[in-house]
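Peer 1: Required output: the full structure, derived from the provided sequences and hints.
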Amino acid sequence: MPLNMVVCLKQIPNPDLQFQIGPDGKDIRRDTLNYKVNGADEYALEEAVRLKEKHGGRVVALTLGPKRTEQMLREALAKGADEAVRIAYEDVATYDVGKIARLLAAAIRAMPHDLVLTGVQSDDHFNSATGGLIAGILGLAHASVVTRVEVKDGRLEVASELEGGLQRVSALPLPALLTIQFGANTPRYAPLPAIMKAARQPIKELGPQALGLSGWDGVVLPYSFGVRGLSRPAAKRSAEMISGSVEEQAKRLAQLLREKGFVRR
Amino acid sequence: MIRIGADVLVVAEHLEGRLAPSTAELVAVGRELAGPSAGIVKAALLGHNVGGLADILVGLGVEVLHVDDVALAEYTGDGYHLGVRALVEQTDPRVVLVAHTSQGYDLAPALAGAMGLALVTNCVGLRAEGDRLVATRRLLNEKVQAEVELSSERPIVATLRPGSVAPAGAAPGGKVTPTQLSIETGTIRTKFLALERPEVADIDLSSSDVIVSAGRGIQKKENLAIVEQFAKAVGGVVGASRPLTDMEWLPKTRQVGQSGKTVRPKLYVACGISGAMQHVAGMKDAGLIIAINTDPSAPIFEVAHVGFVADVLKLLPATLKELKG
Numbered sequence: 069m070p071l072n073m074v075v076c077l078k079q080i081p082n083p084d085l086q087f088q089i090g091p092d093g094k095d096i097r098r099d100t101l102n103y104k105v106n107g108a109d110e111y112a113l114e115e116a117v118r119l120k121e122k123h124g125g126r127v128v129a130l131t132l133g134p135k136r137t138e139q140m141l142r143e144a145l146a147k148g149a150d151e152a153v154r155i156a157y158e159d160v161a162t163y164d165v166g167k168i169a170r171l172l173a174a175a176i177r178a179m180p181h182d183l184v185l186t187g188v189q190s191d192d193h194f195n196s197a198t199g200g201l202i203a204g205i206l207g208l209a210h211a212s213v214v215t216r217v218e219v220k221d222g223r224l225e226v227a228s229e230l231e232g233g234l235q236r237v238s239a240l241p242l243p244a245l246l247t248i249q250f251g252a253n254t255p256r257y258a259p260l261p262a263i264m265k266a267a268r269q270p271i272k273e274l275g276p277q278a279l280g281l282s283g284w285d286g287v288v289l290p291y292s293f294g295v296r297g298l299s300r301p302a303a304k305r306s307a308e309m310i311s312g313s314v315e316e317q318a319k320r321l322a323q324l325l326r327e328k329g330f331v332r333r
Numbered sequence: 087m088i089r090i091g092a093d094v095l096v097v098a099e100h101l102e103g104r105l106a107p108s109t110a111e112l113v114a115v116g117r118e119l120a121g122p123s124a125g126i127v128k129a130a131l132l133g134h135n136v137g138g139l140a141d142i143l144v145g146l147g148v149e150v151l152h153v154d155d156v157a158l159a160e161y162t163g164d165g166y167h168l169g170v171r172a173l174v175e176q177t178d179p180r181v182v183l184v185a186h187t188s189q190g191y192d193l194a195p196a197l198a199g200a201m202g203l204a205l206v207t208n209c210v211g212l213r214a215e216g217d218r219l220v221a222t223r224r225l226l227n228e229k230v231q232a233e234v235e236l237s238s239e240r241p242i243v244a245t246l247r248p249g250s251v252a253p254a255g256a257a258p259g260g261k262v263t264p265t266q267l268s269i270e271t272g273t274i275r276t277k278f279l280a281l282e283r284p285e286v287a288d289i290d291l292s293s294s295d296v297i298v299s300a301g302r303g304i305q306k307k308e309n310l311a312i313v314e315q316f317a318k319a320v321g322g323v324v325g326a327s328r329p330l331t332d333m334e335w336l337p338k339t340r341q342v343g344q345s346g347k348t349v350r351p352k353l354y355v356a357c358g359i360s361g362a363m364q365h366v367a368g369m370k371d372a373g374l375i376i377a378i379n380t381d382p383s384a385p386i387f388e389v390a391h392v393g394f395v396a397d398v399l400k401l402l403p404a405t406l407k408e409l410k411g
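The listed protein sequences correspond, in order, to chains S and V.
Add 68 to a position in the first sequence, counting from 1, and you land on the number used in the numbering used here.
Add 86 to a position in the second sequence, counting from 1, and you land on the number used in the numbering used here.
Simulated from the structure, these hints should not be mistaken for laboratory data.
None of the values given here were measured: they were computed from a predicted structure.
Treat the hints with care, since some could be wrong.
Derived EDC-like pairs (lysine to aspartate or glutamate); straight-line CA-CA distance at most 20 Å [claimed, not checked]: (1) S/K319 <-> V/E233; (2) S/K328 <-> V/D371; (3) S/K272 <-> S/D150; (4) S/K94 <-> V/E233; (5) V/K400 <-> S/E273; (6) S/K122 <-> S/E273; (7) V/K277 <-> S/E308; (8) V/K352 <-> S/D159; (9) V/K370 <-> S/E273; (10) S/K94 <-> V/E408; (11) S/K328 <-> V/E408; (12) S/K167 <-> S/E273; (13) V/K410 <-> S/E316; (14) V/K277 <-> S/E218; (15) S/K167 <-> V/E233; (16) S/K319 <-> V/E408; (17) S/K167 <-> V/E235.
Not close to chain S: a few residues of chain V, all C-beta gaps over 10 Å, as computed [what the hints assert, rightly or not]: (18) T177; (19) A196; (20) L203; (21) K407.
We put the beta carbon where it would ideally sit given N, CA and C, even for glycine.
Peer 2: Below you can see the structure in the form of structure tokens.
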């Protein structure tokens with residue numbers, strides 16, 4: 069059976085970088101950052117494209133963010149998405165996951181969606197919440213930390229990763245939402261002709277009106293939320309740091325391993 | 087009218103008859119949140135034939151809302167959602183506390199989304215301040231900490247990262263309140279099918295005294311040979327962080343961390359591992375932790391006893407030479 073799928077993608081600052089806290093103390097400094105697609109979302113996209121290849125259907129790549137996110141959407145098109153949609157929400161300090169999920173859910177509600185896929189978490193905010201919130205808001209059956217998806221007799225059979233390497237296998241009906249775990253598949257590289265083609269494809273832009281809102285502040289939230297401030301986490305216990313040249317460090321490490329009896333001589 | 091310091095509802099997590107260690111941590115935070123205004127900590131225990139777990143929770147001084155229902159014999163997103171939702175409506179707590187585990191972040195966001203409740207997840211600290219709930223969270227590979235505040239006239243759902251606080255100890259005053267919910271099996275759309283166990287390992291990491299683990303810092307699969315040589319020299323076996331097993335450089339059974347093995351060797355050498363929460367959860371209790379990483383701000387140095395800011399591909403061969411020489 070063909071599946072109408074929506075994959076939520078997020079562009080995040082490369083988390084391997086160093087970060088500085090901005091002058092107002094409520095967001096990181098963003099002027100020097102470079103951005104990438106969130107790791108888990110790449111697996112979600114790949115899963116959707118594989119399901120399309122097997123069962124037919126359509127994949128919409130959906131994001132929320134400023135203009136720069138179009139580059140990520142074009143990559144998604146080149147990797148097999150059929151349509152790209154950007155919610156043109158420009159505020160980059162997206163600390164309230166509840167607000168973001170409500171905006172994404174409003175956009176998804178207006179699209180055909182048998183299956184919605186997100187990454188299990190984003191590597192900037194680590195909420196692991198966007199997918200579940202969308203499922204709750206839209207009333208979709210859902211499963212999280214999914215490492216395997218099969219469509220059988222019009223329903224999904226999925227494996228969810230638990231702590232300690234256990235997997236819980238469950239079945240759920242469509243429409244459904246899955247959050248996809250790292251390593252669920254091997255994301256493909258986009259072939260050059262597809263990249264060329266994607267560069268010319270239109271990207272649909274959704275403003276607040278398209279989501280039924282008077283403005284971006286028109287999202288009705290049943291709570292109030294605020295960022296008090298950012299700080300550097302205090303080191304819980306600092307390691308004894310061994311400095312020096314590699315040779316000096318190697319001497320010290322060898323000595324330590326001998327002292328503690330891990331090597332005999 | 088915003089309510090403060092009323093009751094806290096803790097969602098107990100269990101699998102195969104065992105209570106998750108994170109549940110006692112939730113109780114500890116629940117006590118602190120409920121304490122100042124004499125609220126009560128209640129624990130939602132959902133399952134079938136898990137009366138023994140109710141007794142354990144009573145020992146922590148909480149009121150156990152024990153729902154014994156065959157429809158809840160195994161966790162399903164829908165089943166727990168319906169069960170916890172009914173208990174939230176019944177008890178009207180100030181905060182609903184859930185562990186930030188695979189099961190917890192399956193449940194908590196969907197519950198908050200469906201009930202229209204405020205949500206804050208993966209917190210390392212939570213406290214009540216005036217009419218607000220203040221949450222401490224870690225961002226961007228643990229490099230930044232954020233304090234956020236939420237207030238609401240309705241319950242706030244929060245998930246707590248396991249290992250963030252000390253578990254609650256024994257306390258008096260606990261009791262079991264058997265609770266009937268009429269959950270219609272037909273409303274549970276997700277069906278549990280099976281639990282799958284990881285394949286049998288070629289090497290049992292958890293019984294090794296010495297583990298040398300490799301992370302992304304080794305750059306290429308071929309460089310595993312250096313790590314293996316070093317492990318051999320110190321009489322250990324090779325483990326890995328998640329990215330390496332995801333890339334299939336090493337079998338899944340070698341993965342140390344929350345979704346892999348939890349290990350407690352005498353010596354743990356972290357080679358080119360940044361120290362993401364998911365990894366640290368599996369090795370933080372090792373006797374001696376030596377970390378090697380090029381990034382001096384890598385969070386692995388927070389749990390290590392001895393740290394080397396160095397390229398592991400240079401330091402390991404140099405140390406091997408030193409050990410031979």
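Peer 1: Would you list, in rising numerical order, the hints stated earlier that this structure does not obey?
Peer 2: 1, 5, 6, 7, 8, 9, 10, 19, 20, 21
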